[in-house]
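Chemist: Use these hints to put chain F onto chain V, whose structure you have.
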Amino acid sequence: MKQPILDLLRLLCLGVSLLLAQGTVASDHPDIAAEARIKAAFLFKFGHYVEWPAAAFTSASSPLVIGVMGAPAIARELSKAVAGRQIQQRPLQVVNITAPRLPANLHLLYVAHAHSSGTTKAVGNPLSWQSQLKERAVLVITGSPDGLESGSSINFEIVDNRVRFDIALDSARAHNLKLSSRLLAVARRVQGRAQ
Amino acid sequence: MLNRLKNNNTAFKKQAIGTLALCCLHFGSPFALGADAEIHTRELLDFSLEDLAQITISSVAKKPQKLSEAAASVFVITAEDIRRSGATSLPEALRLAPNLQVARIDANSYAISARGFNSTTTNKLQVLIDGRIAYSPLYSGVFWDVQDILLPDVERIEVISGSNATTWGSNAVNGVINVITRSAADTQGNLLVAGGGNLEQQAAFRHGGTLAEGASYRVYGKTLRIDDSQLESGGQNIDAWKKIQLGFRADDLSQGRLTLQGDIYAGRRNSALYSGDDSTRGLNLLARWDQRLENDSQLQLQAYYDRTERDLAGTLDQSLNILQMSVQQTLGMGTGQEIIWGIGHRSAWDDVKDQSAVLTFLPAEKYLRWNHAFLQDEITLRPDLKLTLGARLEHNSYTGLEFMPNVRLAWNLSPQDLLWLSVAHGERTPSRVDRDFYLDVPGIKLDGGPDFESESANTLEIGYRGNRLNRLNYSITAFYARYDELRTVDPTGSGTYEIGNGMEATTYGIEAWADYQAAPRWRLSAGTLLQHESFHFKPGISPNPWSSTEANNPSHQWMLRSSLDLSEGHQLDMTLRHVGKLSNLDLPAYTTADLRYGWKPHSDLELSLRALNLFDPQHPEFGTAASRSEVERSLFLEMLWRY
Numbered sequence: 027m028k029q030p031i032l033d034l035l036r037l038l039c040l041g042v043s044l045l046l047a048q049g050t051v052a053s054d055h056p057d058i059a060a061e062a063r064i065k066a067a068f069l070f071k072f073g074h075y076v077e078w079p080a081a082a083f084t085s086a087s088s089p090l091v092i093g094v095m096g097a098p099a100i101a102r103e104l105s106k107a108v109a110g111r112q113i114q115q116r117p118l119q120v121v122n123i124t125a126p127r128l129p130a131n132l133h134l135l136y137v138a139h140a141h142s143s144g145t146t147k148a149v150g151n152p153l154s155w156q157s158q159l160k161e162r163a164v165l166v167i168t169g170s171p172d173g174l175e176s177g178s179s180i181n182f183e184i185v186d187n188r189v190r191f192d193i194a195l196d197s198a199r200a201h202n203l204k205l206s207s208r209l210l211a212v213a214r215r216v217q218g219r220a221q
Numbered sequence: 011m012l013n014r015l016k017n018n019n020t021a022f023k024k025q026a027i028g029t030l031a032l033c034c035l036h037f038g039s040p041f042a043l044g045a046d047a048e049i050h051t052r053e054l055l056d057f058s059l060e061d062l063a064q065i066t067i068s069s070v071a072k073k074p075q076k077l078s079e080a081a082a083s084v085f086v087i088t089a090e091d092i093r094r095s096g097a098t099s100l101p102e103a104l105r106l107a108p109n110l111q112v113a114r115i116d117a118n119s120y121a122i123s124a125r126g127f128n129s130t131t132t133n134k135l136q137v138l139i140d141g142r143i144a145y146s147p148l149y150s151g152v153f154w155d156v157q158d159i160l161l162p163d164v165e166r167i168e169v170i171s172g173s174n175a176t177t178w179g180s181n182a183v184n185g186v187i188n189v190i191t192r193s194a195a196d197t198q199g200n201l202l203v204a205g206g207g208n209l210e211q212q213a214a215f216r217h218g219g220t221l222a223e224g225a226s227y228r229v230y231g232k233t234l235r236i237d238d239s240q241l242e243s244g245g246q247n248i249d250a251w252k253k254i255q256l257g258f259r260a261d262d263l264s265q266g267r268l269t270l271q272g273d274i275y276a277g278r279r280n281s282a283l284y285s286g287d288d289s290t291r292g293l294n295l296l297a298r299w300d301q302r303l304e305n306d307s308q309l310q311l312q313a314y315y316d317r318t319e320r321d322l323a324g325t326l327d328q329s330l331n332i333l334q335m336s337v338q339q340t341l342g343m344g345t346g347q348e349i350i351w352g353i354g355h356r357s358a359w360d361d362v363k364d365q366s367a368v369l370t371f372l373p374a375e376k377y378l379r380w381n382h383a384f385l386q387d388e389i390t391l392r393p394d395l396k397l398t399l400g401a402r403l404e405h406n407s408y409t410g411l412e413f414m415p416n417v418r419l420a421w422n423l424s425p426q427d428l429l430w431l432s433v434a435h436g437e438r439t440p441s442r443v444d445r446d447f448y449l450d451v452p453g454i455k456l457d458g459g460p461d462f463e464s465e466s467a468n469t470l471e472i473g474y475r476g477n478r479l480n481r482l483n484y485s486i487t488a489f490y491a492r493y494d495e496l497r498t499v500d501p502t503g504s505g506t507y508e509i510g511n512g513m514e515a516t517t518y519g520i521e522a523w524a525d526y527q528a529a530p531r532w533r534l535s536a537g538t539l540l541q542h543e544s545f546h547f548k549p550g551i552s553p554n555p556w557s558s559t560e561a562n563n564p565s566h567q568w569m570l571r572s573s574l575d576l577s578e579g580h581q582l583d584m585t586l587r588h589v590g591k592l593s594n595l596d597l598p599a600y601t602t603a604d605l606r607y608g609w610k611p612h613s614d615l616e617l618s619l620r621a622l623n624l625f626d627p628q629h630p631e632f633g634t635a636a637s638r639s640e641v642e643r644s645l646f647l648e649m650l651w652r653y
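As they're listed, the protein sequences go chains V and F. All the letters of the first sequence, read from the start, carry residue numbers 27 to 221 under our numbering. All the letters of the second sequence, read from the start, carry residue numbers 11 to 653 under our numbering.
Just so you know, these hints were derived from the structure itself, not from any lab. Here the structure is a predicted model, which is why all the values come from computation and not from measurement. Every clue listed holds true.
Just some of the chain V residues that point at chain F, by a computed CB distance under 10 Å:
id: 1; residue: PHE68
id: 2; residue: LYS71
id: 3; residue: GLU103
id: 4; residue: LEU104
id: 5; residue: LYS106
id: 6; residue: GLN114
id: 7; residue: ARG214
Glycine included, each C-beta is placed from N, C-alpha and C at the ideal position.
With the rest of the complex left out, here is chain V:
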């Protein structure tokens, strides 16, 4: 009885925060909208400093796919902004992910709400992003206080009114990704060691 209530509460929280995030773009809440815009720009930038294994792409010209989960405002903003842009000479595709099943073709995933408390459970849940992306060459970026613990490689933090990010090298390595030292240089904190 207890578990369904907790899940319900969690869903409710998610719903409210989604509403808030959407509302801010439409209405005049520049703060949150600005944060979303900066994060969107970071997602685009990150793509430049990650080395994916060749097998991550079906062909030399196939697009780089950025998935956004739980932040439709960022997905919308990003897909609008990257029109005509490229990363590593590849066209871009931004996908707003609403279903638990992740697309087969995915290179960068932003998870707005990830909590380490759910991680243990997530590992056993075949529909969690952690299980679906296990060992897949996908750079997972989160935006929660304990995002790195949930298994992501990069986590956004708001520090002193700025959007900063931390990096977990072990996680990136587990996903067969190489992060450039430039990215590490800008990070606020880097966990783990470079290979």
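Modeler: For chain F alone, kept in the frame of chain V given last:
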């Protein structure tokens, strides 16, 4: 003769040591952010990782913090603006700033100024290209023909009108133009640009790669050719020119941020007055190191060498070497205060050879030095109120020590509204043409002023900037300035003249601009400048035809731009621009309409067709009726390919 010198853009202008860029972390970026009314996500994509990590969320949304640093009339020309304008040169890109007056003189020279005082030898504007001062101590002005960059590699151009000498140095009396190119890490891969039209042809190539972990580089080459312009009086001017430029930039981010960059160029131009061509050559090399220290403190060291050679056939052959070094530190005091201090030194030694009998610089070789120290304290009086106190001491070889203070106040009426006020004192220190210039033609003998002093300005500005619904941004600035010791050509006897400080002036006016995202695919921008100026000769100075060369300004100018994304990959941009008449030059007002159509058949390939001056076949923008060139209607087709 004097005219020839000016037409060649050889004579007077200038700027000084600029460093406000440095006061912000990476070359002025937070400043630009605060200044720009709204930062679109698309523009954010062009910021470097470092810059993104430094932007305060509030500044992007038009909120306090860094916005208060922009208690000035700042217009930011973005990379996207430049691309969509179709501009093919730096001066043409500067037409995008409503707070600048840009007039094309002929095929290779421009008159560019802010707040009036425009001339072929504008001398109260500071211009920096990636931290390198672009003005020549020969006349305190910019030879625009040799200040070239690869436009697709520009990150943004910040244009600040008004007196900003405290932070930017003694020449920033009427404004500052700060050109910032992208980090090498942001210009990876190959880029090929080629374009041609009825008046000019250009081709450029850039290659960007990585050197080692955290270090990247780019190299580029560029060549251009511009045809002879047409004279208003009929016939063809002889001013066609061509230029080739090579350059590089490397950024190493492993230890702070180390930047090395340089350019080398050579240009040749037909000479209208003499047989033989004029030629220009130059090279520059700059190193800069930014390091973030503990406690929110930031240190920047910079040094550069800049050599320019300008051989004006039959007139003079100047070679000039400049060496500059500066240190700047930003200190977060943690008590609502941020202190920025800086010191710098610049040396210039030149040699003017092959001088004609009529026009000479004496001594032919000159060694000039400038030293400066400045201190600025930004005090947060209340969360919504910031006071910035700044002072600069600058020593120059001609007039010794000059003092340039500045007080700025920024008040955020609401998160979307900023009201600001600035009181500043700036000095335009003498250049060689003011002191060491001698002209001797039948009937006229002009001597440089042995006692020529710095021209000075006291400026009061009030500005308001706002943002509505994240779609409408606007800025309005009212200014009032009093100038003293302005340069004049004073009669000292029959047919003899000496350069002096015989004039005063008062100017006031309004600069305003706005942009509106009318629809997701449609952006509208508008800008206007209204100004009034009055010049007064000091007692005992009698006016003569040469005495007021700076009163060549329109009382008004305006522009309207529309940027429309027609459909995926298709863009249509329109610009309507009007400049009022220049009474002293008897130059009529003109309105031009420019059109650009851009097509991206493939994400790596962009084709664009630009038509300039649709309304009239040709119009003059500057100069006297007898000798001025006209800007003709033109078409330009360009291909940009990234691979």
